[in-house]
Amino acid sequence: MPRLDSQDWQAFALTLQLAGVSTVLLLGFGPPLAWWLATTASRWRKLVGALVAMPLVLPPTVLGFYLLSWMGPQGFIGKLTAALDMAALPFSFRGLVLASMLYSLPFVVQPLQNAFEAIGKRPLEAAASLRAGPLDRFFSIAVPLAWPGFVSAAILGFAHTVGEFGVALMVGGNIPGQTRVASMAIYDRVEAGQMSQAHVLSLLLVVFSFAALLAMSYLRPRNRGDA
Amino acid sequence: MSAMRVMRRKIWLLASLALVALALCSWLQQAQQLHQPQNQERLLVASAADFRPALDELRDDFQRRRPDVAVDVVYGASGKLSSQIEQGAPFDIFFSADSDYPQRLFDHGHAGGQPVTYAIGRLAIWSTSHDVGHVDIADLAKPEFGRIAIANPQHAPYGKRAEQALRAAGVWEQVQQRLVFGDNVTHAAQFVRSGNADIGIIATSFTSDGSTWKGSHAEVPPSLHEPLRQSFVLTRTGADKAIAREFAAHVQGEAARAILQRHGFGLPETAKEP
Amino acid sequence: MHEIGLEAGLRFTRGHLPIAFEARLPARGITALFGASGAGKSSCLRVIAGLDRDAQGTLRFGTEVWQDSPHGVFVPTHRRRVGLVQQEPALFDHLSVLGNLDYGFRRAGRPVHLQREALIDAFGLGGLLQRRPATLSGGERQRVAIVRALLSDPALLLFDEPLSALDDRARSELLGVLERWHATLELPAIWVSHAIDEVARLADRVILLDAGKIIAQGSLQDTLTRLDLPPALQEAAGAVIEGVVASIDAQAHLAELHCDGGTLWLPNDGARIGARLRTRIAARDVSLHLAPATHSSALNQWRCTILAIGEASHPAHCMVQLRAGENRLLARITRRSRQTLGLQPGMTIWAQVKAVALGG
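Chains as they are written, first to last, in our numbering: chain A, 1 to 227; chain B, 228 to 501; chain C, 502 to 861.
Check the hints yourself; a few may be wrong.
A few chain A residues facing chain B, derived, Cβ under 8 Å [to be verified]:
| id | residue |
| --- | --- |
| 1 | L16 |
| 2 | G20 |
| 3 | F65 |
| 4 | L68 |
| 5 | A83 |
| 6 | L84 |
| 7 | A87 |
| 8 | P90 |
| 9 | F91 |
| 10 | V207 |
| 11 | A215 |
| 12 | M216 |
| 13 | Y218 |
Rather than coming from a laboratory, the hints here were simulated on the basis of the structure. From the three backbone atoms N, C-alpha and C, an ideal C-beta is built for every residue, glycine too.
Build the full structure now, drawing on both the sequences and the hints.
As structure tokens, then:
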């Protein structure tokens, strides 16, 4: 049984941290965006919806390339971080988190948007007539009724980030111990012809992710009205 | 117990598990970092993927002489690595599969010195299913050789040379239908190794590492294509590091040249200061 | 007390139908908004509730200004104290019945004056509190929706065809409950319906809506016995008579109602002596006689004076408007009969109503 070296374990830990942090952050930013998309009558709706879906369309390496330029010293994000006296984002874990959030954005926003749309107007109108303001309606009606959407969003977002490769490679630089995630570690082994280590690492990743996703799916109620 | 309370219990449980997992991961990370002695110097090298077998040996050789230095190598596509360096990637030295990328980096002010050729790449015809020991490149037009794998001529230096060789031999048109393109020469080699392509035109350096790459091969005469001068360049970060200069010098030294030759590379003229 | 409750002057469009809603409602009592399907009734209700924002004009309730388009004022729904009950009860599936009922109650600050327990009992919800909405019948869900709206301490109640989606049994049950509740109601309410029997039993006033325009508004009695109702509403035309139960014939299962202008016998539906009851007498159920009839199966005969005679939707018919005491009646008869009897305004005439046509 081939031994995994310390760098492999680091890559593994890094992947889990990246997927965990990105998913949690997306579950914070995603719902307001999904809610806006589901309920607004603004003429920007379709445009924003298409933008959200863009990471689905672009090849990951291309997306990574754009993100790298924007976060780099000449890009608008890079200039912003410099102005705020923050460390540069490319080739750092924080840069990876930002890239992962954008990469997995549609996987989190779309299930949420669908779930919010499925609620329909009527429960919300009823809640308004019962003295519930917009924020109140969101938390007391929309979120509980859209709960399966939240679970799907978490599962998809997490899984998608675990498997992330092209974007993370471009933006992270594959630096061992800092931005080399499990997918890159596996790829490196394969490229080097070290198949047995690649197998072990892959198996580890799959088993752990499977466990995580299974755990999350327990949060999804079987059908409306009983959990 | 009401359904909502069951759900809340589950959420709390899952959240606690997640926190524990994250904590474990951080601990794992920190434990790894503690393993490395604090005063160890670190060198981060970026290299074209096809240089791996040779560079691994060069690195190991260097580490034996300088055990106090940790050398990490990131392998990738030359173009991608070059873009990343332009965006400030923290590599100290960059080994490209050609000379264009290092030259461009130098011209745009991202290099710490002039590009230096470290090896001359050579092409070989390679197969694990056919015996190609005495096959000429013109023979590839024969239909018995099914799919031919080469690196993508659009952006991979070895791919460009493969196309040039095929054109020079006058068989480019005939083999068009049977070509499969790998993203880089390593991919092309994998097509051959996995049996998805019968034949590949790949880097000679691959064929010489007998343990991983079986099969038979035949060298392609260098006259059929532009020379593949593989260059390296110190980055701006690397130029300030004495250890990077040392590594650069090592790669051009006698021991290194012997290693390179063994891996099937041609050798540049004698050492130059990067 | 007849202070003004709702004062509305709103104009908007739904589909291709321009709708103009100009009305003043009293501060108490149920006002029915009656009209054929597609007349725009539900749209008016939504605009009053503030759910649709595209209406232009002004909307005042008591001293509050809910909408004033020229000055850019628009109070959103959650700040108008309206209680809304819709045709399909939009109960919150993720909450129990108790959770639903308390949703508005909590947000209103749990006002004691609403007598929460009494209300829950009055509508028969005591045994349903822990159930989930998905497990309730249509009638039960609608009752929950009504009490939920009441518990949010509204100042104005809006009912949008709440009984249309129910089966007959649930409907008549709920109608009975609502009738009893109506007696204790201190708030103004608007009841939208296209079913005239609901209007007859529950409303104090009625607004008639036809193709987006208000064609009549006033007391129930006056409005429904008008001769100039459009064809779409003619079937609804008739008298709504209110009286006191004077006696009960238990064997025959009949109740005797003393009204101003006459006595009515109708099938007894469990009424008690002394109770106030309403009954509707459709124009088609009234026949006219020059002299009181003796050998007729019709139990009820009233002596009336003819007020006016008008057209009916079918050219063979005509509508005769009658007065009996404080009440008005409508009779729909053939023109031929009118000629034969020589009916003229001012004449005394006897109106016969079959008891079977009344009640339930």
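Evaluation of the provided hints:
no.: 1; hint: L16; in the structure: holds, 5 Å
no.: 2; hint: G20; in the structure: holds, 5 Å
no.: 3; hint: F65; in the structure: holds, 7 Å
no.: 4; hint: L68; in the structure: holds, 5 Å
no.: 5; hint: A83; in the structure: violated, 16 Å
no.: 6; hint: L84; in the structure: violated, 17 Å
no.: 7; hint: A87; in the structure: violated, 11 Å
no.: 8; hint: P90; in the structure: holds, 6 Å
no.: 9; hint: F91; in the structure: holds, 5 Å
no.: 10; hint: V207; in the structure: violated, 14 Å
no.: 11; hint: A215; in the structure: holds, 6 Å
no.: 12; hint: M216; in the structure: holds, 7 Å
no.: 13; hint: Y218; in the structure: holds, 6 Å
The structure does not agree with the numbered hints 5, 6, 7 and 10 stated previously, though it agrees with the rest.
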